[in-house]
Amino acid sequence: MRELIILFTTFFKIGLFTFGGGYAMLPILQRELVEKRKWATDEEILNYIAIGQCTPGVIAVNTATFIGSARKGALGGITATLALCTPSVIIITVIAAFFHNFSDLVLVQRAFAGVRVCVSVLIISAVIKLFRSSVKDHWGVLIFLAVFLLMTLTEISPVILIVLSGAAGFLVRFVGGKKK
Amino acid sequence: MILLRLFGAFFMVGLMSIGGGLATLPFLYDLGARTGWFNAGDVLDMLAISESTPGAIGVNMATFAGYTVSGVPGGIAATLGLITPSIIIVLIVARLLNKFMESSAIQNTLYGLRPASVGLIAAAGWSVVSTTILNVNLFMETKALVNLVDFKAVILAVILFFVMRFTKLHPIILLLASAAAGMIFSFGS
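Note that the protein sequences, when read in sequence, are chains A and B.
Residue numbers 1 to 180, in my numbering, belong to the letters of the first sequence in order.
Residue numbers 1001 to 1189, in my numbering, belong to the letters of the second sequence in order.
Don't take each hint at face value.
[Unchecked claim] Capping the alpha-carbon separation at 25 Å, the derived lysine-lysine pairs in DSS-like fashion look like this:
| id | chain 1 | residue 1 | chain 2 | residue 2 |
| --- | --- | --- | --- | --- |
| 1 | B | 1168 | A | 36 |
| 2 | A | 38 | A | 129 |
| 3 | A | 38 | B | 1099 |
| 4 | B | 1099 | A | 72 |
| 5 | B | 1168 | A | 129 |
| 6 | A | 72 | A | 36 |
| 7 | A | 38 | A | 136 |
| 8 | A | 38 | A | 72 |
| 9 | A | 36 | A | 129 |
| 10 | A | 38 | B | 1143 |
[To be verified] Short derived list, chain B residues pointing at chain A, Cβ under 8 Å:
| id | residue |
| --- | --- |
| 11 | 1115 |
| 12 | 1164 |
| 13 | 1167 |
| 14 | 1181 |
[Unchecked claim] Covered stretches of chain B (chain A as the covering partner; in silico rule of three or more C-beta atoms under 8 Å from a C-beta of chain A):
| id | stretch |
| --- | --- |
| 15 | 1078-1088 |
| 16 | 1120-1127 |
In case anyone wonders, no lab produced these hints; they're calculated from the structure.
Glycine is no exception: its CB is placed at the ideal position from the N, C-alpha and C atoms.
This is chain A alone, in the form it adopts within the complex (with noise of 0.2 Å):
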């Protein structure tokens, strides 16, 4: 029960400071997750997110679900995701209800901004920290940059460079698996 209500109020706070999509859950994800539980690592965190960006729905979501099976069943994995939805569910009721202007705000707008500039920090040293833990020789930085290129220059779908990568990944180990 104590896990249950510990992945709760994570999940909560990962769904209150999550801004501008799945991958910016991230470094509150790598906090609490993997720095302070010692619930996960580096490397399951980065398995769960390439897992959940090719199953159906939103990323954050299906991120959520696989943490919280892999700690406590199915169970766990319901808790994570309504706790992850909640604070939306409450957020967003209250704006439709009362904030029809809500995004004309200015003093929202310009708080707005200053976090922009704080999760692109959190995100860039999120990857660096990812990078030094998962990217373990030139095959994963070639798939890393080939990726990131694709992605950033093109209008690709990541499903796709997920399932390149894994064929990719499975061909160099099976290969290179043969020789030593």
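Following the hints, put chain B in place on chain A, whose structure we already have.
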């Protein structure tokens, strides 16, 4: 029963959209056109607010659309509809993965997936950087180098970077402090 219809409609959105919150957009347009619940302009308004409020964009959109159709119960029904397929599918995948985790085929595939994940996150990071700390669009239009960098934002970014490096402050504190800095210094203008 409108709540059941909302649940069902967003269940389909959750089931069909692969690749994150923005992938739900085309399905929302389609849903609005078929049901008359909201129009394309409404969807854009919802997107603007969903992107600038906390939480996963897809979840925010579902809550918003559901609320528009049928108030608070509508928002909850739509959100539950959206996440239900995710929960079912991910729980099945997680179970299969646990079973075969030790297999070398899965391990080899994950060996390729992890750097790809880092690449995707880096690309998401770049898309935020290119519009906040840098202003790539304005630079492309004016070709003036002075327009490329938002100096106030760079100063905040550098400060944040050093604070993160040398302290163990929680990211949430940094986010709140940056929101306050934004209100005072007005970045990007």
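Hints and how they fare:
With a CA separation close to 11 Å, the supplied pair residue 1168/B and residue 36/A stays within the 25 Å bound. For the suggested pair residue 38/A and residue 129/A, the alpha carbons sit about 16 Å apart, so the restraint of at most 25 Å is met. Restraint check for residue 38/A and residue 1099/B: satisfied, since their Cα atoms lie roughly 23 Å apart, inside the 25 Å limit. Proposed proximity of residue 1099/B and residue 72/A is supported: the alpha carbons are some 16 Å apart, at most 25 Å.
Straight-line distance between C-alpha atoms of residue 1168/B and residue 129/A comes to about 14 Å, which keeps the hinted pair within the 25 Å bound. Proximity of residue 72/A to residue 36/A is assessed by CA-CA distance (about 18 Å); at most 25 Å being required, the pair is judged to hold. Taking the CA atoms of residue 38/A and residue 136/A, the gap is about 21 Å. The hint holds against a cut of 25 Å. Annotation: proposed proximity of residue 38/A to residue 72/A holds, straight-line Cα distance about 15 Å (limit 25 Å).
About 15 Å separates the Cα atoms of residue 36/A and residue 129/A, which keeps this hinted pair within 25 Å; it holds. With a CA separation close to 48 Å, the supplied pair residue 38/A and residue 1143/B exceeds the 25 Å bound. For residue 1115/B, the interface hint holds, the least distance from its beta-carbon to any beta-carbon of chain A being 4 Å, beneath 8 Å. This hint holds: residue 1164/B has a C-beta 6 Å from the nearest C-beta of chain A, less than the 8 Å allowed.
Given hint, residue 1167/B at the interface with chain A, is violated; its Cβ is 13 Å from that chain's nearest Cβ, farther than 8 Å. Here the hint on residue 1181/B is kept, as its CB sits about 5 Å from the closest CB of chain A, short of 8 Å. Three residues within the 8 Å Cβ limit are the bar, and the stretch 1078-1088 of chain B against chain A gives 6, so the coverage statement holds. Only when three residues or more bring their CB closer than 8 Å to a CB of chain A does the claim for the stretch 1120-1127 of chain B stand; here the count is 8, and the claim holds.
Hints 10 and 13, counting from the list given before, are not met by this structure.
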